[in-house]
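Listed in order, the protein sequences are those of chains A and B.
Going by our numbering, 346 is the number at position 73 of the first sequence; the sequence numbering is gapless.
Going by our numbering, 350 is the number at position 77 of the second sequence; the sequence numbering is gapless.
Just so you know, these hints were derived from the structure itself, not from any lab.
Careful: at least some of the hints might be erroneous.
DMTMM-like cross-link-like pairs, simulated, lysine to aspartate or glutamate; straight-line CA separation at most 25 Å [said to hold, decoys possible]:
hint: 1; chain 1: A; residue 1: K428; chain 2: B; residue 2: D438
hint: 2; chain 1: B; residue 1: K456; chain 2: A; residue 2: E443
hint: 3; chain 1: B; residue 1: K278; chain 2: A; residue 2: E370
hint: 4; chain 1: B; residue 1: K367; chain 2: A; residue 2: E450
hint: 5; chain 1: B; residue 1: K392; chain 2: A; residue 2: D347
hint: 6; chain 1: A; residue 1: K362; chain 2: B; residue 2: D457
hint: 7; chain 1: B; residue 1: K276; chain 2: A; residue 2: E415
hint: 8; chain 1: A; residue 1: K430; chain 2: B; residue 2: E443
hint: 9; chain 1: B; residue 1: K392; chain 2: B; residue 2: D298
hint: 10; chain 1: A; residue 1: K456; chain 2: B; residue 2: D280
hint: 11; chain 1: A; residue 1: K278; chain 2: B; residue 2: E416
hint: 12; chain 1: A; residue 1: K428; chain 2: B; residue 2: E450
hint: 13; chain 1: A; residue 1: K427; chain 2: B; residue 2: D280
hint: 14; chain 1: A; residue 1: K396; chain 2: B; residue 2: E403
hint: 15; chain 1: B; residue 1: K427; chain 2: A; residue 2: D347
2 protein chains.
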Amino acid sequence: MEKIKIDNSVRGFPMPMVVVGAVVDGRINYLAVAWVSRVNSNPPMIGVALGKGHHTNKGIREHKEFGISIPGVDLIKAVDYVGLVSGAKVDKSKIFESFQGQLQYAPMIRNCPLALECKVITKVDLPSNEFFIGEIVGVYTEERYLTDGQPNIKKIKPFTLTMPDSLYHEVGEVIGEAWSIGKDFKI
Amino acid sequence: MEKIKIDNSVRGFPMPMVVVGAVVDGRINYLAVAWVSRVNSNPPMIGVALGKGHHTNKGIREHKEFGISIPGVDLIKAVDYVGLVSGAKVDKSKIFESFQGQLQYAPMIRNCPLALECKVITKVDLPSNEFFIGEIVGVYTEERYLTDGQPNIKKIKPFTLTMPDSLYHEVGEVIGEAWSIGKDFKI
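Chain A extracted, bound-state conformation (with noise of 0.2 Å):
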């Protein structure tokens, strides 16, 4: 069928919800993030890209360490909020009980099954965003979460973003087995 144009600024696929923790001010600041991905294999490092108004920015680039939270469903409503207002002018730091790994400005909240703390090894300063590259130097999670040592999704229970609709989505069924149901494509 024929192909059509539409506006550039698509997103089209579902983007993982994330809440970046960071110090700013003195005071522990989240903000919901979908713009986030894992950039480097070894040593791990994971990206967030956050819009330059954004008061989270000026405590990353300050301490030059973030925290990453990944929630679960129960949390939507939380998340959401800290999405909607600006740590500038409401006081976001006790929305969650968060703790804290060996990096004194990764903030990371308590209630979530899984949670990164990150390093800043570089920041790409975009004409609208910066994207800070973290190192992920401790992964927090609890027993409850885990089969046989590793998270389970099933039980993490975190949700996407989509965009033109601004829907918050479950992950869906399992379709297939990555690196595995290819085996027998033909072209």
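With chain A held as given, fit chain B onto it using these hints.
Okay, now just chain B, sitting in the frame of chain A:
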């Protein structure tokens, strides 16, 4: 409950599956990629993190252009296949029917519901990966994937990868509206 530390290489969140297209040594090549994220709002930019050993990187470095095709679940076997075999050994140019937009070296897949052509703005050289940041200069779809002129996730049917279980998942049930469900949140 008690927090425990696990392997730093954890993912733990659903990652969108896309297919990166490039022209390598004069031949179209495709690679399945899950490390992808939008990174800038205006102008729209997207980043992909590719292991340095991949054949695809060479083509993107040379031509500074790449395509990103967002496959629907019906293409799962072919998508997995292009993640299993290297373009250095196998000719992957005929696996999909390709099309191009305004860029010459940003091949996209005709059978994918959404496809983006990207011009490299910068490349971040990381220890084991290269993170290519591209400006999205064209987005292509078909009328049948739109609702009121906007891409409809239910029609596109993208899928995600989770780790460490190596499973592909459909997009699941809608659990809330973003920038909305948190409005009545109280601490």
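Hints and how they fare:
1. For the given pair, K428/A sits about 12 Å from D438/B by alpha-carbon distance, which is consistent with the 25 Å threshold.
2. In summary, the hint linking K456/B to E443/A is supported, as the alpha carbons are separated by about 20 Å, within the 25 Å threshold.
3. Taking the CA atoms of K278/B and E370/A, the gap is near 18 Å; set against the 25 Å cutoff, the hint holds.
4. For the proposed pair K367/B and E450/A, the alpha carbon gap of about 23 Å is at most 25 Å, so the pair holds.
5. Using a Cα cut-off of 25 Å, the hinted pair K392/B and D347/A is violated, with the two alpha carbons roughly 39 Å apart.
6. With a CA separation close to 17 Å, the supplied pair K362/A and D457/B stays within the 25 Å bound.
7. Restraint check: the Cα-Cα separation between K276/B and E415/A comes to about 5 Å, which is no more than 25 Å; the hinted pair holds.
8. As the CA atoms of K430/A and E443/B are separated by approximately 14 Å, the hinted pair is consistent with the 25 Å bound.
9. Distance check on the hinted pair: K392/B and D298/B sit about 18 Å apart at the alpha-carbon level, within 25 Å; holds.
10. At roughly 29 Å between alpha-carbon atoms, K456/A and D280/B are farther apart than 25 Å, so this suggested pair is violated.
11. Restraint check for K278/A and E416/B: satisfied, since their Cα atoms lie roughly 10 Å apart, inside the 25 Å limit.
12. The suggested pairing of K428/A with E450/B holds, with an alpha-carbon distance near 23 Å, which does not exceed 25 Å.
13. The suggested pairing of K427/A with D280/B holds, with an alpha-carbon distance near 19 Å, which does not exceed 25 Å.
14. The suggested pairing of K396/A with E403/B holds, with an alpha-carbon distance near 14 Å, which does not exceed 25 Å.
15. Between the alpha carbons of K427/B and D347/A the distance comes to roughly 24 Å, so the proposed pair stays at or under 25 Å and holds.
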